[in-house]
Amino acid sequence: MHEELVWIRRAQRGDDQAFTQLVERYQRPVYNLCYRMLGEANVADDAAQETFVRAYQNLQRFDVQRPFDTWLLSIAAHYCIDLLRRRRFSIFSMDDDQEGDGPLIWVPDHSALHPEQEAIRHEEQDLLRRLINTLEATDRAAIILRCFG
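Here the sequence shown stands for residues 0 to 148, where the numbers follow numbering that gives the first Met the number 0.
These are computed hints drawn from the structure, not numbers from a lab.
Since the structure is predicted, the reported quantities are computational estimates derived from the model, not experimental observations.
For every residue, glycine included, the Cβ atom is placed at its ideal position computed from N, Cα and C.
Errors might be hidden in some of the hints.
For each label pair, taking beta carbons as the anchor points, the in silico distance ranges come out as [stated by the list, open to error]:
id	residue 1	residue 2	range
1	C146	D15	47 to 57 Å
2	R53	D14	17 to 27 Å
3	D138	R9	36 to 46 Å
4	D45	Q11	24 to 34 Å
5	E23	A141	39 to 49 Å
6	R65	R27	15 to 25 Å
7	D125	R86	42 to 52 Å
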């Protein structure tokens, strides 16, 4: 944690290498959050990049007394919410047939020890995705941040 604080303070003074260290540390959690909210890898990649651009642009306003990861993930969540509102894009759309007018394709994990349990787990995950999809974007973000962030 001390090392992170050093990177933050150096980055606030304009040290791009220090900011690069922060990006390397947080690129996976930021991407994961964006992917869970947006459901498409390429859109999540773009959202994660935009998150870091916005963090860089606003780094001077970051309060070093607060957790950096919370601040950064908040930027990501708000950006994703904005995208969802603008595009009316539904979460997990690539995994879920919202209208029920086409087949939902699932390829089982052949390495699983218990195929029946895996099928049940998949059905439960599918139900959870559908339920999360019914929430407003802000509520969806809160659930995703709390449970998966």
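Going through the hints against the structure:
At roughly 34 Å, the beta-carbon separation of C146 and D15 lies outside the given 47 to 57 Å, and the hint is violated. Between R53 and D14 the beta carbons are some 18 Å apart, a value that agrees with the proposed interval 17 to 27 Å. Distance hint for D138 and R9: a CB-CB separation of about 37 Å, consistent with the stated range 36 to 46 Å. Checked against the hint of 24 to 34 Å, the pair D45 and Q11 passes, with Cβ atoms roughly 26 Å apart.
Checked against the hint of 39 to 49 Å, the pair E23 and A141 fails, with Cβ atoms roughly 28 Å apart. At roughly 21 Å, the beta-carbon separation of R65 and R27 lies within the given 15 to 25 Å, and the hint holds. A hinted range of 42 to 52 Å for the beta carbons of D125 and R86 is inconsistent with their spacing of about 23 Å.
Consistency with the previously given hints fails for numbers 1, 5 and 7, ordered from lowest to highest.
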